[in-house]
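Chemist: Quick note, the sequences are listed as chains H and L, same order. For the first sequence, position 105 (counting from the first letter as 1) is numbered 105 according to UniProt numbering, and the numbering increases by one without interruption. For the second sequence, position 210 (counting from the first letter as 1) is numbered 210 according to UniProt numbering, and the numbering increases by one without interruption.
Keep in mind the hints are simulated off the structure, nothing from the lab. Glycine included, each C-beta is placed from N, C-alpha and C at the ideal position. Treat the hints loosely; a few may be bogus.
To be verified - Computed far set for chain L versus chain H, every beta-carbon distance over 12 Å:
| no. | residue |
| --- | --- |
| 1 | Asp31 |
| 2 | Gly50 |
| 3 | Val85 |
| 4 | Glu91 |
| 5 | Gln92 |
| 6 | Thr94 |
| 7 | Asn119 |
| 8 | Glu129 |
| 9 | Asn131 |
| 10 | Arg177 |
| 11 | Lys180 |
| 12 | Ile184 |
| 13 | Lys225 |
| 14 | Gly290 |
To be verified - Heads up, simulated DSSO-like pairs for lysine-lysine below, C-alpha to C-alpha not over 30 Å straight-line:
| no. | chain 1 | residue 1 | chain 2 | residue 2 |
| --- | --- | --- | --- | --- |
| 15 | L | Lys244 | H | Lys571 |
| 16 | H | Lys574 | L | Lys33 |
| 17 | H | Lys574 | L | Lys225 |
| 18 | H | Lys333 | H | Lys304 |
| 19 | H | Lys409 | H | Lys361 |
| 20 | L | Lys244 | H | Lys558 |
| 21 | L | Lys268 | H | Lys490 |
| 22 | L | Lys2 | L | Lys190 |
| 23 | H | Lys127 | H | Lys288 |
| 24 | H | Lys304 | H | Lys395 |
| 25 | L | Lys2 | L | Lys33 |
| 26 | H | Lys490 | H | Lys342 |
| 27 | L | Lys244 | H | Lys623 |
| 28 | L | Lys190 | H | Lys571 |
| 29 | H | Lys574 | L | Lys228 |
| 30 | H | Lys686 | L | Lys286 |
| 31 | L | Lys209 | H | Lys631 |
| 32 | L | Lys225 | H | Lys686 |
| 33 | L | Lys209 | L | Lys33 |
| 34 | H | Lys575 | L | Lys17 |
| 35 | H | Lys259 | H | Lys390 |
| 36 | H | Lys607 | H | Lys395 |
| 37 | H | Lys575 | L | Lys33 |
| 38 | H | Lys558 | L | Lys225 |
| 39 | L | Lys2 | H | Lys687 |
| 40 | L | Lys190 | H | Lys574 |
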Amino acid sequence: MAKKNKPKSMETEENGGVEEEDPDFSDPEDFVDDISDEELLVDLLRQRPKETDGVESVIIVDGVPLVGAERLEKLKNVVRKQFREFGTIINEFYPTGKDGITKGYIFLEFKDRASAEEAVKQRNNHKLDKQHMFLCNLFTDFDKYENITEDFVPPAPQPYKDHGNLHYYLLDENCFDMFSIMYDGGTTTAIYLNSVPEAQEIENRERWTDTYVRWSPRGTYLATFHAKGIAFWGGEGFRQVQKFSHPGVQFFDFSPCEKYIVTFSPHVDQRAEEHQSVVIWDTRSGQKKRAFNAERPPLWPVFKWSNDDRYFARIGEDMLSVYETPSFGLLDKKSIKVNGIKDFSWSPTDNILAYWIAEDKDVPAKVTLVSVPSREEVRTKNLFNVADCKMHWQKCGDYLCVKVARYAKAKREKNEVKYSGIYYNFEIFHMREKGIPVDSLEIKENIQNFAWEPVNNKFGILSGESTSVNVTFFQVNKGQPPTELKKFEKRPCNSLFWSPQGQFVVLAGLRNLSGTLEFIDTKDFQVMQSAEHFMATDIEWDPTGRYVASCVSWWGHKVDNAYWLWSFQGKCLKKHTVERFCQLLWRPRPPSLLTAQDIKDIKKNMKKYSANFEVQDKMRFSKASREIIEKRQKLMSVFTEYRQRLLGPCNERKEERMQLRGGQDTDTLTSNENDFEEEIVEFLVKKEVVLVEE
Amino acid sequence: MKPIMLHGHERSITQIKFNREGDLLFSASKDPKPNVWYSINGERLGTFDGHSGTVWSLDVKWDTSLFVTGSADQTMRIWDVETGVSLECLEQKTSVRGVSFSYSGTMIAYTTDKMMGQNSELIIIDVREPNDIDGTPIMRTQVTPNNSKALSVLWGPLDEFVVTGHEDGSVIKWDMRTGKIMEIGQEHTKQIKDMQLSHDGMMLITASKDTTARLWDITDLEALKQYKTDRPVNSAAITPLVDKYPHVVMGGGQEAMDVTTTSSKIGKFDARFFHLVFEEEFARVKGHFGPINSICFHPNGRGYASGGEDGYIRVHVFDDSYYQFRFDF
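Please model the entire structure based on the sequences and the hints provided.
Modeler: Set out below in C-alpha cells:
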C-alpha cells in the first residue's frame, strides 16, 4: 500500500498541492433548453424504430403447395430449407382458408432487406417440384406498383443516335490495315493507316486513355480505360459511340461477336444496394445486363464466352455455371456439377466446351468435351499421373490440343504436392471426325511454347532448356500420331508467332534473347530471313498476314523504344523510333464474307490480281519518290539562295579579314601557299628483317 | 580506307582539332597531357606537359604559333606550338571549360565553371604579345545566375562577337566589347556539347545531349536545320567543301555513364554522316567502342578525325565512293 500511495502524493505535490474538483455539468436553475431533439440527435432519431420497420425484409412467396393442417409443419420445413440460405427467417405466416387448407401463398420475414432481396432474386421462378414453382416478390413491391400515380408518364425512348458506318474502314479500296500505337509513356495514343509507302496518321490524341487501349475482336470499336469506366470509339473520326460507367474499372473483356462486354472493378460503392464488381453490358445499347459478385481479385477472365455470344460460363467450386443470353440466367436454372474441375475453355467455332478435372486418389484425371446446351458429353479421355493440363484450341476449331504435364513421382509435403520427373504429352482431339478420335504425342523435354497454325493442321513446339531451344513442327494426321515435319535445333528463340493465314511463322528471341527474328515458310521449311530487332519485346502480325511488327516497348525496356514493320517474308520495311513507345495493336478484321469456293477461285487467279497490284504499288512508289525529289529540290533551292545571300557580305569583308591576319589571305587552304614552310616527314613504308650470316 | 589509330592518351578524349593547314592534329583528354600529331601518318610530334587535371578544351591559333588549353585544374595555359613550352599559366577560381582564339588570334575567349560559390564567367584576354601576357581581362561578364552555365565558346568571324553554348541548351551571342547579350537561340532542350563553325565562319553547328544537332546562321542565330539521331550527340562538324559536298558529320552515342557492358552495336558509337540540306542520314562509320566525344573534318575536306571515350583517335581519309555518292534531286 505504501508503494501505491507514493506516486499519488508526488503528483499532488507537483500540482502545487491543489485538490482537483470534478466540474459541474448540471444545468443552472433558470436554464431553458432551446434546442429540440430533432436538431440535436438527427443521427440517432433516424434509427428510431418505426411501425413499418421490417416491411422491406418481408417477401411473399406464391406457388406454394396447398396443404391441410396435418401437413403444414412438413411444408414449413421444406420452405425453411429452401430459404434458410439467404438469411435468418424471423417470422413466417401461412394464411389458411376456412377449411384449414393453406392458400398457396406465404409471407416470410428476413432479418434484413439484403437477405430478402437475395431470396427473391434466387428463388423467383424456382421449381420446387414438377407441379410447383415459387413466385417470389418483395412485400414493398406490391405497395409500390399499386400506388403508381395517375400522371405517370413512361420514360420517353432515347432518340436513336446514328454513329454512321462503324465499318467504314473496311471499305478502304486499297485494303490497308490500321494500327494503334501508344507512346510518350502512355499519354499519347495515335491511329495509323499502314499505307504504302508511308503509314498515314489518322488520329492523334493526348490522354485518350488512362491506362491502355484495346480493339474489339472484330475491330469495330477502340476501347479506352478511364477512372469512371470504359469508353468506345469508332466510325470515321473516332467519335465516342458508347460509354460504360463502372468506377475504378480494372479489367474488361469483349464477347467474341462484340455483343457484350464484361467489366471488373475492385472499387465497391458503399451506397449501392448490391455489390457489383463484375458487370456484363450490352455493347450497342450500353445497358447493364447483369451484375455478379466476384471474389477479389478474380482470376481474369471470370467469364468465358462461346463463339456465338449465346453462352458464357464461369468456374466455381466443383461446378461449372453456364449462363445463356439474352436472358442472362443460368442455363436450365442449374449449374453443371463437376467434382474437382480445374479449368475449361470453349471451342472457338462450336458450342462445345472442354474441361478437365484433377486426379483424386484412385480416380484418374479426365478431359471432357460437353456440348451446350444439351449438356451431352461428346468425348471423355482419362489421363494418368497428371500434374497439370493446358488446353489449346486450333483457331478453326478443327483440333483441340491438351498439353498434359505428367509426373514420374509425386511427393506429398504438408499441403502441397511436389512433382518430379515431369514430361509432357500432347493429346490431340480431332473435332471434325466421327467419335472425336484422340492422338497422343510424348515429349521428354521441357516445353517452352506451343502454337497451332491458325488454319490447316500444323503446330510448332519450342522445347528444351531456355539456353538452347529446339523448334519442332508437327502435322496432325487422320488416325495416326502427329508426324514430325522439321526440327530446327538450338535456336536463340523463346516464342513463335504464326501468321493469321497460316504457313508463315516468325521465331523470336524476345527480351533477354536480344531480339533475333527468323521468318520461316513452313511449306518447305526454308528460313526466308534472319534478322534482329535488338531487345524486341513484342511481335504483332497484322490481321491479313501481310505484315509483322516488332516492338521494343517502354513497358519492357527503357531505351530505343521503336516499332519496325516487316513484310511477311522478313524484309524490314520501315523503322519507327518513337519516344517512350509502349504498344502497337493492329485493328482486327471481322471474318471474311467470302465462301471457301470464292477464296479458292481468287487463289487460282492470283496472277491476274497480283499484276494489278504490282502496277498500283509501282505507281505509289514512283509518286512517293517524285514527292521526295520535289521536296529536296525545294529545300536545295532555298538553301542555295541562302548561301548566295551569305556570300555577298562575306566577300565584302575580305579586306577586313586579311587585315586581321597580317595581310594574309587565308580564305582557302591554298590561298597563301607562298607563306607555307616545307617540312619533311618520314614514313616507315615497309619493315624487312634480313638475317645476315656471320 | 583503313583509318590511322592514334593511341597516346591514357584516358578518354575530350577535344581534337586540326590546325588551319591540316598538317597537325591537336588532342586533349582527361589525362593532363595534350598531344600534337602529324595528321598524315599519325606520328606523335609531342606532348604539352604542365596541367594537373582533365583538359576540357583546346584551340590553336590560325598561324599555328600558339596553342591554348583550358583545364579542370583551374588554369588556362598558353603554349608555344613549336617548342611545347608553356608560355603562360593563368590561374582561375574554377575549372576552365571552353577556350577559343579570335579570328585574328590576338584575343582568347574562355568560360569558367560555376562551382564553389563562383559564377560561370565569360572572359576575354589580350594575347598580342605572346611573351608578355598579363591575363587582365579586356572583357569579363557573368553568365550565371541569369543564364545557365556556359560550356563551349567560339568567336564569330572578324573578332566582333563570341558565341557560347550552355547547359540548358541555349546558344548566346555576346558583344565582345560590352559583354551584352545580342541574341539568344533557344532550340535545344538539353546541354550543348560542342559547337563548330563552317569554314567561312557564317554558319554554326551545335551538338546537344537532346540527341540532335542543329545548323544556325551566325548573324541572327536563326535555326536553319536539324539533324536527328537517337543518342546524345557529343560533337558535330560541317565539311569545308560545303558547297560541293553539303555534308555534316556527327559523333556521340550512349552516354559513358550508361555504358557498362553494352556492346558497341547497341551503344551506337558510329560517326554519322548527314546531308546538310536534306537532313537525311546517308552513311555511318563504325570503329569506336565508346561514345565519340569530338569529331572534325580535315581542313581539305578529304577526311575526318574522331576522338572517343575509348581513348583512341581515328583519322580517316575518304574513299572514292564518298565523292561519288549523290542524292537524287
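Chemist: Does Lys571/H lie within 30 Å of Lys190/L when you go C-alpha to C-alpha?
Modeler: 36 Å, violated
Chemist: Mind verifying the non-interface call on Gln92/L? Its CB should be farther than 12 Å from each CB in chain H.
Modeler: 27 Å, holds
Chemist: Can the restraint linking Lys127/H and Lys288/H be considered satisfied, given a maximum Cα separation of 30 Å?
Modeler: Between Lys127/H and Lys288/H the Cα gap is close to 27 Å, so the pair holds against 30 Å.
Chemist: Using Cβ atoms and 12 Å as the threshold, tell me whether Lys225/L really stays out of contact range of chain H.
Modeler: Nearest chain H Cβ is 9 Å from Lys225/L, so the label is violated.
Chemist: Taking only the CA atoms, is the gap from Lys304/H to Lys395/H under or equal to 30 Å?
Modeler: 16 Å, holds
Chemist: Please verify whether Lys2/L and Lys687/H have alpha carbons no more than 30 Å apart.
Modeler: 19 Å, holds
Chemist: Grab the minimum beta-carbon distance between Gly50/L and chain H and tell me whether it stays above 12 Å.
Modeler: 25 Å, holds
Chemist: Is Lys244/L close enough to Lys571/H, meaning Cα to Cα at most 30 Å?
Modeler: Not satisfied, since the Cα-Cα distance of roughly 35 Å exceeds 30 Å.
Chemist: Check whether the Cα positions of Lys225/L and Lys686/H lie no farther apart than 30 Å.
Modeler: 47 Å, violated
Chemist: When you check the alpha-carbon spacing of Lys558/H and Lys225/L, does it fall within 30 Å?
Modeler: At roughly 28 Å apart (the allowed maximum being 30 Å), Lys225/L and Lys558/H satisfy the hint.
Chemist: Once the closest CB in chain H is found, is it more than 12 Å from Ile184/L?
Modeler: 21 Å, holds
Chemist: Taking the shortest Cβ-to-Cβ distance between Val85/L and chain H, state whether it exceeds 12 Å.
Modeler: 20 Å, holds
Of the numbered hints stated above, those contradicted by the structure are hints 13, 15, 16, 20, 22, 26, 28, 32, 34 and 37, listed in ascending order.
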